[in-house]
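Asker: From first to last, the protein sequence lines stand for chains A and B.
So the first sequence is numbered by UniProt numbering: it starts at 1 and just counts up by one.
So the second sequence is numbered by UniProt numbering: it starts at 1 and just counts up by one.
By construction, these hints were calculated from the structure, which means they are not laboratory data.
Please read all numbers here as calculations on a predicted model, not as lab measurements.
Watch out, some of these pointers could steer you wrong.
Because identical chains share one entry, a pair is satisfied inside a single copy or across any pair of copies.
[What the hints assert, rightly or not] Capping the alpha-carbon separation at 30 Å, the derived lysine-lysine pairs in BS3-like fashion look like this: (1) Lys81 to Lys255; (2) Lys81 to Lys3; (3) Lys43 to Lys123; (4) Lys44 to Lys123; (5) Lys197 to Lys227; (6) Lys278 to Lys151; (7) Lys123 to Lys184; (8) Lys269 to Lys170; (9) Lys255 to Lys151; (10) Lys81 to Lys143; (11) Lys197 to Lys266; (12) Lys184 to Lys151; (13) Lys266 to Lys170; (14) Lys43 to Lys170; (15) Lys143 to Lys184; (16) Lys123 to Lys3; (17) Lys123 to Lys151; (18) Lys227 to Lys43; (19) Lys3 to Lys278; (20) Lys170 to Lys160; (21) Lys123 to Lys20; (22) Lys266 to Lys160; (23) Lys255 to Lys227; (24) Lys81 to Lys227.
Protein chains: 2
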Amino acid sequence: MRKIAIQGTLGSYHDIAAHKYFEGEEIQLICCATFEDVFAAVKKDSDTIAMLAIENTIAGSLLQNNELLRQSGARIIGEYKLRISHSFACLPDEDWADINEVNSHPIALMQCRDFLNHHPQIKVVETEDTALSAEMIQTQNLKGRAAICSKAAAERYGLKVLQEGIETNKHNFTRFLVVADPWKADELQQQQAEINKASMVFTLPHTEGSLSQVLSILSFYNINLTKIQSLPIIGREWEYQFYVDVAFGDYLRYKQAVAAITPLTKELKTLGEYAEGKSSI
Amino acid sequence: MRKIAIQGTLGSYHDIAAHKYFEGEEIQLICCATFEDVFAAVKKDSDTIAMLAIENTIAGSLLQNNELLRQSGARIIGEYKLRISHSFACLPDEDWADINEVNSHPIALMQCRDFLNHHPQIKVVETEDTALSAEMIQTQNLKGRAAICSKAAAERYGLKVLQEGIETNKHNFTRFLVVADPWKADELQQQQAEINKASMVFTLPHTEGSLSQVLSILSFYNINLTKIQSLPIIGREWEYQFYVDVAFGDYLRYKQAVAAITPLTKELKTLGEYAEGKSSI
Chain A
1 MRKIAIQGTL GSYHDIAAHK YFEGEEIQLI CCATFEDVFA AVKKDSDTIA MLAIENTIAG
61 SLLQNNELLR QSGARIIGEY KLRISHSFAC LPDEDWADIN EVNSHPIALM QCRDFLNHHP
121 QIKVVETEDT ALSAEMIQTQ NLKGRAAICS KAAAERYGLK VLQEGIETNK HNFTRFLVVA
181 DPWKADELQQ QQAEINKASM VFTLPHTEGS LSQVLSILSF YNINLTKIQS LPIIGREWEY
241 QFYVDVAFGD YLRYKQAVAA ITPLTKELKT LGEYAEGKSS I
Chain B
1 MRKIAIQGTL GSYHDIAAHK YFEGEEIQLI CCATFEDVFA AVKKDSDTIA MLAIENTIAG
61 SLLQNNELLR QSGARIIGEY KLRISHSFAC LPDEDWADIN EVNSHPIALM QCRDFLNHHP
121 QIKVVETEDT ALSAEMIQTQ NLKGRAAICS KAAAERYGLK VLQEGIETNK HNFTRFLVVA
181 DPWKADELQQ QQAEINKASM VFTLPHTEGS LSQVLSILSF YNINLTKIQS LPIIGREWEY
241 QFYVDVAFGD YLRYKQAVAA ITPLTKELKT LGEYAEGKSS I
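One chain only, chain A, in its complex shape (with noise of 0.2 Å):
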């Protein structure tokens, strides 16, 4: 029985990723309010591990997630891409001409503005969580509201669909990472023979030409850059922090990259070696 970790409720998205990235394997779900709970679960018994949401084609990275990440010290162990797909959905006995109210996340709302806007007379007011949206209306019987949740949150929830796929772009997906406690984070990695992709922060000093260096290099060493961003750090204007997600193809060249720019970087930190995740798109 695998314990994980997520922020939500039964039926959300992050579910959905948990159960698809652990197919077949019977999974205790620990719903956390937060994403600090999460990591705070995962440090507290290194069975658990986290599924976390870090980046989304339509809504951009989570950055307080990478924070997150960085200062555990947990690691990334896999990731996992889901296509989301979003469902209008309401109470059974309820239709169309009855709803005045939509709830769901910020940026699931988002994500439907097109939908949205063809409804200008549904009020859209903002909510915590898409699955709780649908788990509100059926606990609470709230007639005349929709929720804008998955299908499977629907169902779980005894909500009827209205209508399905009403994300306005249909590549819609977000990006999973599977974090574990570094204990456990050495039983559970894959082989090194599997292992394709890395994440890594570090910080250089805000010159001309730092980042080009650094990038001059991997891609000496075939290094495939797949993500990268810089962030201002706090408090230390001159200086920029880098998230940088990497593939290769070959594991000892990857880790030959990795020493040949570290006395360049500052505060070099590697968050985790992982497999290309496996993907519902």
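For this one, chain A is given, so just place chain B on it according to the hints.
Answerer: This is chain B only, laid out in the frame that chain A set:
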């Protein structure tokens, strides 16, 4: 009289940033419900200038605004960095013991996480906007309710500030862009000698070293990167889009550098050339 379109209401951080940037000028604010509406206002009346948040030190980039900017054809003509300090405010005849719910924008709530953790008895409810939360407490006379908003918003809506500076990190700032219709931008743009920053977006094939080449060239031309962010392009899995901000001392050198990287990139677009922003930090 300057016409400035912002997302949000009077007393919002957008309002404060607009008044700081155009200090000493008379401003007519056009308060819009969404960022889409802000760009629509600029398109409709080329005398209208937009002020929009583009990144925050804690919450990260507002990717949606990057994308709206790219699609709109509008041009960046300036920037402003505003130190974000939140207040905790309620109806004037209430006090700490009365408060059982706090309302604010999700990002503001996130920025006050430590404060909220110290007051676990107060229920946290997300709303659309910081200033709007203050306004609602006033207009609906909401007892037991507090807003997290700017001190200016609390004062504007006649609320009592129970605590100032409740943000967890005192280096919390938001960078705002000043954006104009392309025709208007020519008129408003700074003198060439003052321009020392530019924002651009381009596409690169997802191959080893493609970004490294571009950054090497920028480095040869003494162009300094102040921000870089990669975005997967929806529906084109093998290409990445990069949003890059650069700083430079010599405008001609910068122009030459752009010419030099153009053949290596696809769809390179300059979003604006401007003077480094004034700042309240």
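Asker: Could you work out which earlier hints the structure fails to respect and list their numbers in ascending sequence?
Answerer: Numbers 7, 9, 10, 12, 15, 21, 22, in rising order.
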